[in-house]
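What follows is each chain in one-letter form.
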Amino acid sequence: MGFGTYITKRLIVALGLLFVVTTLNFAIVHLAPGGPEAVLLSNPRLTVEARTAIIKSLGLDKPLYEQYIAYVRGMLTGDWGTSYFYLEPAFKVVAGRVPATLLLMVPSITLTILIGVALGILAARRPYSLLDRALSSVAFFFYAMPAFWLGFLLLTVFSLYLAVLPASGMTSVTGVGFNPIDYLRHLLLPMLTLTLVNVANFSLLVRSSLIEVLDQNYIMTARGKGLTERTIFYRHALRNGLLPTVTMIGLYVGFILAGAILTETVFSWPGLGLLTFDSIFRRDYPIVLALFFIFSAMVIVANLVTDIVYGLLDPRISYE
Amino acid sequence: MSKNSTRRLQAASQAWRRYSRNRGALLALIFLIVLVLAAAFASVIFSGDPEAPDLSKDRRPPSIINPFGTDYLGRSQLTLIIFGARTSLIVAFAAGALLAVLGTITGLLAGYYGGKIDGFFMRMADVFLTIPALPLILLVVAVMGPSLLNVMLIIGLTGWPTMARIVRSDTLSLMKREFIEIEKVMGANSRRILFKHLLPNQLNSIFVYTSLSLPAVILTEAGLEFLGLAPLSISWGFMLNTSISYWITGAWWLSFFPGLAIFSTSLAFYFVSEGLKDALNPKLARRRESLVAQVVAEREK
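Quick mapping for you: the protein sequence lines, in order, are chains A and B.
Under my numbering, the first residue of the first sequence carries the number 225, and numbering increases by one thereafter.
Under my numbering, the first residue of the second sequence carries the number 240, and numbering increases by one thereafter.
None of the hints are false.
Chain A is faced by these chain B residues, among others (derived, beta-carbon under 7 Å):
hint, residue
1, ILE370
2, PRO374
3, LEU466
4, TYR509
Example chain B residues on the side facing chain A (calculated, C-beta under 10 Å, incomplete):
hint, residue
5, ASP365
6, LEU377
7, ILE487
8, GLY489
9, SER494
10, LEU499
What the hints contain is simulated information worked out from the structure, not anything from laboratory work.
All values reported here derive from a predicted model rather than from experimental measurement.
Using N, Cα and C, we set each Cβ at its ideal position, and we do this for glycine too.
With these hints in hand, go ahead and build the complete structure from the sequences.
The following block contains the structure:
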């Protein structure tokens, strides 16, 4: 099978997953107590006429399968309902928050990968050394750490007592255009929170993947040839050991996303996470539904990209 | 006493010896036992309504009378944290049990029957692993209502795939062993092989993984409460939720102690799982691989 077929297959899987997510949304709305009317029309400001008009326009008076088809079509064409709070299309509200979340997640993921790979290499270079054991200890320390609590601790220390970093938001002044230094100052604490809770765990993955490779026969062959440990590690083991971590990154996006929802809430970072918090509080269900869809789409796309990168990097892959 | 039960007792005491050799695991177990007892007898230990506000004493820093300070309504935070342990522990044990049972059944069936059954369960596991769990849990709890039952069900329902994969791969390797082959040749039926051999032989690793999944369950549930979806009126995550508006006043104890409770409980479950690994599976322990790495690696496969 060629590379083209491999990508096509991955694309079909990704589309299938989006379809599953849409179906889940539909099912949850219909299984909710009070049904779709309670979920989608819980706006007290609606008049009776407006209510019947919405029921008609949503097709809630039609049979279930027709509603389902209409729902899937709506989701795929960007018609995600209307927010009660913003009184704007949910798609527009959610899409407007995507850049802020990316401005937090992309630097954090990059940092997690860089530090995680570096620490993983250090640990795998001398397994069971003091450094290696210290790293494992730190890893489970952060494995058990609630991201939002870590955020509060950092806030109290750096924004309140030391008063060196801003506590909330993405910029100090709005409407003056984008100021990179101001953004970085605001980014530092949430990014640190998000990176700390993920990096130790990620470095353990890199480590175990590298150690697995060091056990293989071709490394023994390299040793037999009399190569130095250094050459064996960096020339032979590293490349193969890091390959599997590429696919892990795709799944890690899901974890980082969960951390981002909580971290954004602590730092009032104006992204999707804060919108989640606010919309749950406001019972703005069309937004909560739209958020689940967009979060899933982000993870599905990240997985698709890592699958493709993996396919490009690994010549042995059979594209099955 | 029969020979069999003597042997079992011996095995148990050996396992306990291996467990107690791990200092961290021993301390964690003591901590959890104390916490469970305190939560169970909270109403006996603390007289009066823990939720009754006393606005004359709001936001007092830690003192001898109130070691964890008072919250924004003047209530003792120590009392609230002990009562709040109920939510975390109930959800942790119930959701943990649910994900263990679901993962074990699907993993056993997938590994034993293979073919279409395997394909079906493993594709389903893939879907659940790809769709981000926290947003799904948030959506379901927000729409269905944050009752204790809903929270436990949805955390359990989203948590089974990793367990299913571990059980499946253990089942596959057990199936290659001679004693299973012999059973098959001797005409044992599926139920006998599944429940007399395959299941008992991996109960240890099921226990270890279940205890390892509890920190994640506790963090997820606390996260839900922090975002405002609390099943009970007193809970650790919800205490952090209300502290958002007060950190700027310098009342650090409002968020510090509830967070510390979440952190130490989830860390304790992690240590217990490490101890269980040493105690129940000496072979695994000798490899000295960190459990987190193993499980995450399994999840990535």
